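Residue numbers (the working numbering), protein chains in the order written: chain D, 1 to 93; chain A, 94 to 1104; chain X, 1105 to 1310.
Read the hints as simulated data drawn from the structure, not as lab findings. What you are looking at is a predicted structure, and each value in this text was computed from that prediction instead of being measured. The beta carbon of each residue, even a glycine, is placed where N, CA and C say it ideally should be. Where hints are given, some of them may not hold.
[Unchecked claim] One-sided excerpt, in silico: chain D residues whose CB lies under 10 Å from chain X: (1) M1; (2) P7; (3) P11; (4) E14; (5) S15; (6) Y19; (7) A60; (8) G62; (9) Y82.
[As the list claims (entries may be wrong)] DMTMM-like cross-link-like pairs, simulated, lysine to aspartate or glutamate; straight-line CA separation at most 20 Å: (10) D/K83 - X/E1189; (11) D/K83 - X/D1188; (12) X/K1263 - A/E811; (13) X/K1263 - A/D733; (14) A/K996 - D/E14; (15) A/K996 - D/E38; (16) A/K996 - D/D41; (17) A/K127 - A/E194; (18) A/K487 - A/D514; (19) A/K382 - D/E14; (20) D/K83 - A/E852; (21) D/K29 - A/E852; (22) A/K989 - D/D32; (23) D/K29 - A/D514; (24) A/K996 - D/D32; (25) A/K989 - D/D30; (26) D/K29 - A/E811; (27) D/K29 - A/E855; (28) A/K996 - D/D30; (29) D/K83 - A/E194; (30) A/K1065 - A/E1026; (31) A/K382 - X/D1245.
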Amino acid sequence: MLLISCPWCGPREESEFSYGGEAHIVRPKDPDALSDLEWADYLFMRNNPSGRYLERWLHAAGCRRWFNAERDTVSYKIKSVYKISDPAPRGDE
Amino acid sequence: MKSPLDSSRSQPYRLATGGRIDRAKPLTFTFNGKRLQGYQGDTVASALLANGVRLVGRSFKYHRPRGIVGSGPEEPNAILQVGRGALTTPNLQATEVELAEGLQAGSVNCWPSVEHDIGAINGLFSRFLPPGFYYKTFMWPSRMWKTYERFIRKAAGLGVSPKEPDPDRYDRMNTHCDVLVVGGGPAGLAAALEAGRAGARVILADERRELGGSLLDGRDEIDGAPALEWVNAASRELASMKEVRLLLRSTVFGYYDHNFLTVLQRLSTDSTSISRPLIKERVWRVRAKQVVLATGAIERPLVFPNNDRPGVMLASAVSAYVNRYAVAPGSRPLVFTNNDSAYRTVLDLAEAGIPVQAVVDVRPEPNGPLPSRVKDMGIPVIGGHVIVDVKGTKRVKGVEIMSVDASGERVEGRRRSIRCDLVAVSGGWNPTVHLHCQSGGGTRYDGEKGCFVPDAPAQEERSAGSSKGSFALGDCLGEGLEVGAEAARAAGFGDGRVSTPVPTVEDRAEEPLKAMWVAPSRRPPVREHKQFVDMQEDVTAGDIVLAAREGYDSMQLLNRYTTLGFGTDQGKLGNVNGMGVLANHLGADIESVGTITFRPPYTSVTFGAIAGREIGGLLDPVRKTAIHRWHIEHRAVMEDVGQWKRPWYYPQPGESMEDAVNRECMAARNAVALLDQSTLGKIDVQGPDAAEFLNRVYTNNWLKLGIGRARYGLMLSEDGMVMDDGVVIRHGEQHFYLTTTTGGAASVFSWLERWLQTEWPELEVYLTSVTERWSTIALVGPHSRKLLQDLDSDINFEKSSFPFMSIHSGSLAGFPVQVMRVSFSGELAFEINIESDLALAMWQALMKAGEEYDITPYGTEAMHVLRAEKGFIIVGQDTDGSMTPVDMGMGWLLSKDKDYLGKRSLSRSDCVRKDRKQLVGLLSTDGTTILPEGTQLVDDPSAGIPVPISGHVTSSYASACLGHPIALALVKAGRARKGSIIYAALRDGRHVKAEIVSPVFYDPQGERQRV
Amino acid sequence: MSDQARRESPLAEFLAAPRKADPATGAGVQISERPFLGHINLRGDPSEKRFLEAVEGAIGVALPLEPNTVAEGGEISALWLGPDEWLLLTPPDRQRDVVLTLKAALGDTFAAVNDLSGGQTVVRIQGTHARDVLSKGCPLDLHPRVFGPGQCAQSHISKTMALIRQIDDTPTYDVIVRRSFADYLARWLEEAAQEYGLAVIAESPT
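Excised from the complex, chain D in its bound form:
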């Protein structure tokens, strides 16, 4: 079970959270301008790296806020958490 730091509530057990997949997926501004393939890319395609991954979490049983986390998908270490409104951390830090 992961220990996840909510940016507001601090470290809490994973059982208080639910997972939201890859972070920084932005809804296209003009969906009608996209081909089916481009729209499908937004809908379905997600990165699945071995290593550093930026993902979303919801503190579902807590403050009910969404936030982002920088986690290593191999070691499961969470390097940082940041608010939705904050910029993504640079990968080389």
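Using the hints, position chains A and X against chain D.
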């Protein structure tokens, strides 16, 4: 010398003095039906040995006679069924079961008895039962598999499951600490002391019933006094520290992410007491800032021909039985070793007055301090020799030894026999690295120590003592103190410096061992008498060589093919030797053959402990509405809707379900009826951007909805599929209220918040769940308005003032309410929202006022029928996440003027396919057959397999109102097929003819709900 | 008949169930309900001075801005639920007035006030083993070094979401739970508390 054993006593192998047993508390127990005696403080294993019981079981595959090998959780052979009836537990290790008065234990895997077991016949056929034999046998002819399976089932497995429910309770506890110390031996005690003294929150867990670890099994001295005095002082100091928690009889069985570990605490070991239920076990779920692993080491046996005979034991276990339990596991012991530590066992036996016949040492010239002491005592030390055979089948009678040549790899010369009844074996020590590896840490091979030691930790953890490869007691204590202080400092307590000097220990330096994975013998492994590597799984050195020849030549392949390490002992004695045998065969270094992955649990955990308290009535939350009590009192049959209990139907005496549902439906259509609808999700939406937000998440348009008006809304997921639906009400310019399905309440709320927070944070709108705040009573039927008008109210219920799809707030029967004219039944209906504390009283008031109209409560079944008669869909019943609104005939709800979630997907090529399934109605042509929900629909009942599927039935009911069954279904291009025939393929092979019709069976103009 | 006479709290059935009479003294744990309090959900932007001042003026309490803390003033407690969300607890029957006062004070400031009374209730659990009972199902660290009076936290107890607030060092905790889950939670707590000696009291002193 006078023997310390007295065979005339009831426990012929109990030593007259010593041990940590309580001789003032004798206990009687039975083993395989025979009554035996032991003492408080014994394990079943030590008591059996005290009674001279050598044969305790039969091996898994070959049914070879087996005896006790170890003294702890590494025990592979003494697997017993303990207890009777509801309390019987299979496959407990005799070394781990504390003796209790009246305990009943028996061998598993043998019939009719362990002494005479017909399964032994397997041994005769062992040539035909090599590893993986089951992959190559029982395959032909394939139709015989069912027959083979029945016999294999009988032969497979060990032990018997209980057939009655477990009366005991299992608990769970979440806890946090600064330092978790695993292991209460010298290193662990030292670490816990330092961490505790620094003020940290410490948990110290040990699997035994008392602290001391390996010190309990030996005769060490600390600071010039018996080591156990130091243990007692440490225990007292730890017990006095408020922030130190001691967990005894507690095995740390799992190490997971971010320093989360699980501990199984055995609270009651009593399998006999009738005073139940008791809390038997508790799982501690520990989040630790820092972890200290002081898990010790487990001795590794040597592998030689017939090394599984009862009486061949680990040398350290022999010492444990002698020192801790005052039991002599034999009267004529012989020691076989490749290292110095086994000489301690010789000294322990000698101290107890039991003459050791000889020490057979694979090293040519053992000259260390321990071997020298033994030689000085006159005990023969035969260097440069190995055991090449063990005599005796049900108990050891003697061994044959041979000399090893200069290369160390072959035997030479003549065999020499030595009589003995106990062989104490040591091949070195394996640090217990399981938890370290579970946490993600790796290991490296230490050539000098001949074992794998922990490499860099992957989490905030440190190893100390034998678990790190530091076997000397002085090092254990020193490292424990350092690591404890360091762990406390890392957790924010103390400065990391040890607070006391290291206790003094007289460490006798040891000479190196000679690593030997399988002892040289007369013949190669595949042709030699069985040399067991894994006792419990009956895996021999020959099996490993054969498997490697077949291509299973790395550990991950080898262990799966041979089942090495798969038993309940999880290869604690066999895995490293197995790696060595493979390495020898391949001519490679042991580090290069790959490793076995350690997974939790370290030792077996009961299902009860994993389930904890969430069983029976507490398995899942049972959610009840505010009116629940009334439903139960009026004999409603309840159904589960997610976690909710909802009335399904209210049968009157003598009524079947069909009778009740028919009556309820007719009441709703012809008189007045009421439904507890409180479970629907309700969300309050407020803010300047409220309407804009709703526009983005629903398919229809909200900007122009009038205040006090309601409209049906449809929600799609981004892939264009129907996700949820409900009614949206406008309370004000910037204030809306929306409902969701019962099952969608939480997910829709979550969905909406997700878009708001992550995609549209600029929108000024707040969402608040009011699902529980409001209870909802649907009052339905032609007399519903009259009933409401009979009650005291400031609301004008006339149509002119209260049109369909509108809302009024006010008071009703003295209660503050919000009333909406919304209809899921198609009848004149009013949904009354009332604060939940008052809902029951409101319901009762309506029932009372409704008496003159013959008011009828109705449940979810009647609700389903009523809406189906009107062709109203239920999301999740008629949809399955793969239906678009166009499929469902709801194209009219799709706004063309704005974007909304899911809109773009509706024009994807797959979503505009002409042959997509569409919602239709079905009428069975015979007018009586009710098509089962889920039935597949086909066009041609005589088509050959595979029959093309044209659709399926989603909802199906008897309709009292219409007088014949109706069904809703999804049929490919169904709307264009109205009037045509389709066939429902029933499970029994019959086909039922049905006509495809409109899904609206009743009042297609929707006039009745608008009156 | 007044509202008060006709209302039924979420734990009415649980409390009325027949139990072995356990003496309240000597029990390691006591469970009771604090029924019919006013529960008001308030949402607004704490970076807006207008919002904070309007609320403080209306209810006499400054909203707590530090996560998971409680501010008390007079008859109202304000519990932090999220960066822009609070729960206001009022004595029974005060919530309607407080809602009206708040809405009037907020005017057209962007905020949301929702009366949730009746939709959730307060279960009070107190005694020397109250912390142990909660910890059997709740993953929060409730040790006095990290959690005490004046703090609150949303989490789950077994499979039920719950808001836990520590009242005093007995320890006494108020657990705020949604109505439909309250009966299950109370039964779960009762089970978990058995080994410590449990007393179920009909109504706790306010």
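Here is how each hint holds up against the structure:
1. M1: Holds. Min distance 8 Å.
2. P7: Status holds, d = 9 Å.
3. P11: D/P11 check passes; min Cβ-Cβ to chain X is 9 Å, inside 10 Å.
4. E14: holds (9 Å)
5. S15: holds (6 Å)
6. Y19: violated (16 Å)
7. A60: holds (8 Å)
8. G62: Status holds, d = 5 Å.
9. Y82: Violated, about 14 Å.
10. D/K83 - X/E1189: holds (17 Å)
11. D/K83 - X/D1188: Roughly 14 Å separates the two Cα atoms, so the pair holds.
12. X/K1263 - A/E811: Violated. X/K1263 to A/E811 sits at ~30 Å, over the 20 Å cutoff.
13. X/K1263 - A/D733: holds (17 Å)
14. A/K996 - D/E14: Distance of about 34 Å is beyond 20 Å: violated.
15. A/K996 - D/E38: holds (15 Å)
16. A/K996 - D/D41: holds (16 Å)
17. A/K127 - A/E194: holds (14 Å)
18. A/K487 - A/D514: holds (11 Å)
19. A/K382 - D/E14: Given that 20 Å is the threshold and the Cα spacing comes to 16 Å, the pair holds.
20. D/K83 - A/E852: holds (13 Å)
21. D/K29 - A/E852: holds (11 Å)
22. A/K989 - D/D32: holds (12 Å)
23. D/K29 - A/D514: The hint is violated at about 85 Å.
24. A/K996 - D/D32: Answer holds: A/K996 to D/D32 is near 9 Å, not above 20 Å.
25. A/K989 - D/D30: Status holds; Cα separation ~15 Å.
26. D/K29 - A/E811: holds (14 Å)
27. D/K29 - A/E855: OK: D/K29 and A/E855 at ~15 Å, within 20 Å.
28. A/K996 - D/D30: Distance ~11 Å between A/K996 and D/D30 Cα, so the pair holds.
29. D/K83 - A/E194: violated (61 Å)
30. A/K1065 - A/E1026: Within the cut-off at roughly 17 Å; holds.
31. A/K382 - X/D1245: holds (12 Å)
In the structure shown, a violation is registered for the earlier hints numbered 6, 9, 12, 14, 23, 29, in ascending order.
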